[in-house]
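Asks: Sequence:
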Amino acid sequence: MAEAEAAEAGSPPGQAEDQDQDAVGGQKIINQTFLSLSQITALSEQNVEGVQKKLEEFLNFKQLKTSLKEAILLDYYTAGFWWAKEKNFSLVQLSGFMDLLNFLLENLRDKHMTLEDNIKELGKAMAGIGETDSERSGDMDVFSIEQAKAIIDYLNIRYYPRIHDV
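The sequence shown begins at 0 in numbering that gives the first Met the number 0 and counts up one residue at a time.
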(Lines of atoms letter the chains of each structure in order from A; the text may use other names.)
(Lines give C-alpha, C1' and ligand atoms only; values in the text may rest on other atoms or scores of the structure.)
Protein backbone atom coordinates (compact mmCIF):
# COMPACT_ATOMS: atom_id res chain seq x y z
CA MET A 0 0.00 0.00 0.00
CA ALA A 1 2.75 2.48 0.92
CA GLU A 2 4.56 1.72 -2.34
CA ALA A 3 1.40 2.44 -4.37
CA GLU A 4 0.93 5.73 -2.51
CA ALA A 5 4.60 6.63 -3.03
CA ALA A 6 4.32 5.87 -6.74
CA GLU A 7 1.22 8.07 -7.01
CA ALA A 8 3.02 10.92 -5.27
CA GLY A 9 5.93 10.66 -7.69
CA SER A 10 8.25 9.14 -5.10
CA PRO A 11 10.31 6.03 -5.76
CA PRO A 12 8.79 2.69 -4.75
CA GLY A 13 9.79 1.77 -1.22
CA GLN A 14 9.68 5.37 -0.04
CA ALA A 15 7.21 5.91 2.76
CA GLU A 16 6.76 8.28 5.64
CA ASP A 17 8.18 7.02 8.91
CA GLN A 18 5.41 6.63 11.47
CA ASP A 19 7.75 7.07 14.46
CA GLN A 20 9.02 10.60 14.00
CA ASP A 21 10.37 11.10 17.52
CA ALA A 22 14.06 10.46 18.08
CA VAL A 23 15.48 10.38 21.60
CA GLY A 24 15.39 14.01 22.70
CA GLY A 25 13.61 15.49 19.70
CA GLN A 26 12.27 15.32 16.17
CA LYS A 27 13.90 13.17 13.53
CA ILE A 28 15.55 15.09 10.71
CA ILE A 29 15.18 12.31 8.13
CA ASN A 30 11.63 11.01 8.27
CA GLN A 31 11.41 8.86 5.17
CA THR A 32 12.62 5.43 4.22
CA PHE A 33 14.04 5.69 0.72
CA LEU A 34 14.34 1.95 0.05
CA SER A 35 12.74 -0.89 2.00
CA LEU A 36 14.91 -3.32 3.93
CA SER A 37 14.02 -6.06 1.43
CA GLN A 38 15.22 -3.81 -1.41
CA ILE A 39 18.45 -3.05 0.50
CA THR A 40 18.94 -6.79 1.06
CA ALA A 41 18.45 -7.49 -2.66
CA LEU A 42 20.98 -4.76 -3.53
CA SER A 43 23.52 -6.10 -1.03
CA GLU A 44 23.55 -9.46 -2.82
CA GLN A 45 24.55 -7.92 -6.17
CA ASN A 46 27.78 -6.90 -7.89
CA VAL A 47 28.00 -3.25 -8.98
CA GLU A 48 26.23 -3.91 -12.30
CA GLY A 49 23.48 -5.78 -10.47
CA VAL A 50 23.11 -2.91 -8.00
CA GLN A 51 22.67 -0.53 -10.91
CA LYS A 52 20.05 -2.77 -12.56
CA LYS A 53 18.12 -3.25 -9.31
CA LEU A 54 18.17 0.48 -8.53
CA GLU A 55 16.92 1.20 -12.05
CA GLU A 56 14.02 -1.15 -11.33
CA PHE A 57 13.35 0.08 -7.77
CA LEU A 58 13.43 3.75 -8.82
CA ASN A 59 11.20 3.03 -11.81
CA PHE A 60 13.59 4.59 -14.32
CA LYS A 61 12.07 4.01 -17.76
CA GLN A 62 14.02 6.54 -19.86
CA LEU A 63 17.56 5.86 -18.72
CA LYS A 64 19.00 5.88 -22.24
CA THR A 65 17.50 9.29 -23.06
CA SER A 66 17.18 11.02 -19.69
CA LEU A 67 20.29 12.68 -18.31
CA LYS A 68 18.45 13.23 -15.02
CA GLU A 69 17.75 9.52 -14.57
CA ALA A 70 21.33 8.62 -15.54
CA ILE A 71 22.80 11.07 -13.02
CA LEU A 72 20.46 9.91 -10.24
CA LEU A 73 21.24 6.27 -10.96
CA ASP A 74 24.97 7.03 -10.80
CA TYR A 75 24.51 9.00 -7.56
CA TYR A 76 22.66 6.21 -5.78
CA THR A 77 24.73 3.35 -7.27
CA ALA A 78 28.04 4.97 -6.32
CA GLY A 79 26.77 5.75 -2.83
CA PHE A 80 25.43 2.28 -2.22
CA TRP A 81 28.57 0.62 -3.53
CA TRP A 82 30.82 2.83 -1.39
CA ALA A 83 28.81 1.95 1.74
CA LYS A 84 28.80 -1.74 0.83
CA GLU A 85 32.59 -1.65 0.47
CA LYS A 86 32.75 -0.11 3.95
CA ASN A 87 30.98 -3.25 5.20
CA PHE A 88 27.93 -1.38 6.47
CA SER A 89 25.20 -3.60 7.90
CA LEU A 90 21.83 -3.74 6.13
CA VAL A 91 20.40 -1.20 8.59
CA GLN A 92 23.40 1.07 8.02
CA LEU A 93 23.09 0.70 4.23
CA SER A 94 19.44 1.69 4.53
CA GLY A 95 20.30 4.69 6.71
CA PHE A 96 23.02 5.81 4.32
CA MET A 97 20.67 5.59 1.33
CA ASP A 98 18.08 7.59 3.32
CA LEU A 99 20.78 10.19 3.96
CA LEU A 100 21.74 10.41 0.27
CA ASN A 101 18.09 10.85 -0.67
CA PHE A 102 17.55 13.44 2.09
CA LEU A 103 20.51 15.56 0.94
CA LEU A 104 19.37 15.39 -2.68
CA GLU A 105 15.81 16.39 -1.74
CA ASN A 106 17.19 19.37 0.19
CA LEU A 107 18.92 20.59 -2.96
CA ARG A 108 16.20 19.68 -5.44
CA ASP A 109 12.97 20.36 -3.58
CA LYS A 110 13.89 22.84 -0.86
CA HIS A 111 16.54 24.65 -2.94
CA MET A 112 18.85 24.73 0.09
CA THR A 113 22.23 26.34 -0.23
CA LEU A 114 25.28 24.16 0.18
CA GLU A 115 25.88 25.72 3.59
CA ASP A 116 22.33 24.99 4.77
CA ASN A 117 22.52 21.42 3.48
CA ILE A 118 25.76 20.87 5.40
CA LYS A 119 24.00 22.17 8.53
CA GLU A 120 21.18 19.67 7.95
CA LEU A 121 23.75 16.91 7.55
CA GLY A 122 25.20 17.95 10.91
CA LYS A 123 21.75 17.78 12.52
CA ALA A 124 21.14 14.33 11.06
CA MET A 125 24.52 13.11 12.33
CA ALA A 126 24.16 14.73 15.77
CA GLY A 127 24.42 12.38 18.70
CA ILE A 128 26.52 9.69 17.05
CA GLY A 129 28.61 8.11 19.75
CA GLU A 130 26.46 9.39 22.61
CA THR A 131 24.72 7.11 25.07
CA ASP A 132 21.01 6.33 24.80
CA SER A 133 20.21 8.83 27.55
CA GLU A 134 21.81 11.67 25.57
CA ARG A 135 20.43 13.33 22.47
CA SER A 136 20.70 11.13 19.43
CA GLY A 137 20.26 12.07 15.78
CA ASP A 138 18.82 10.05 12.92
CA MET A 139 22.06 8.33 12.05
CA ASP A 140 22.82 6.77 15.43
CA VAL A 141 23.28 3.36 13.76
CA PHE A 142 26.76 4.52 12.72
CA SER A 143 29.94 4.60 14.76
CA ILE A 144 31.93 7.82 15.04
CA GLU A 145 34.47 6.44 12.56
CA GLN A 146 31.72 5.57 10.08
CA ALA A 147 30.17 9.03 10.47
CA LYS A 148 33.53 10.64 9.72
CA ALA A 149 33.93 8.39 6.66
CA ILE A 150 30.43 9.37 5.45
CA ILE A 151 31.20 13.07 5.81
CA ASP A 152 34.53 12.62 4.00
CA TYR A 153 32.79 10.69 1.21
CA LEU A 154 30.15 13.38 0.74
CA ASN A 155 32.69 16.21 0.87
CA ILE A 156 35.05 14.59 -1.62
CA ARG A 157 32.52 13.10 -4.02
CA TYR A 158 29.68 15.60 -4.13
CA TYR A 159 30.13 18.94 -2.46
CA PRO A 160 33.01 20.22 -4.63
CA ARG A 161 30.96 19.40 -7.74
CA ILE A 162 27.85 21.10 -6.42
CA HIS A 163 29.84 24.14 -5.36
CA ASP A 164 31.42 24.47 -8.84
CA VAL A 165 28.06 24.42 -10.64
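Because the hints were derived from the structure by calculation, they are not lab data.
Certain hints may be false.
[As the list claims (entries may be wrong)] Cβ pair distances, simulated, as ranges: (1) 59 x 143: 31 to 37 Å; (2) 36 x 115: 29 to 35 Å; (3) 74 x 120: 20 to 26 Å.
Just so you know, these numbers come straight off a predicted model, no measurement behind them.
C-beta: ideal position from N, C-alpha, C; glycine also.
Asks: Against this structure, judge whether each hint is valid.
Replies: To see whether the hints hold, each was checked on the structure:
1. 59 x 143: 31 to 37 Å: Taking Cβ atoms as reference, residue 59 and residue 143 lie about 34 Å apart, which means the hint holds.
2. 36 x 115: 29 to 35 Å: Given a distance of about 33 Å, which is inside 29 to 35 Å, the answer is holds.
3. 74 x 120: 20 to 26 Å: 23 Å, holds
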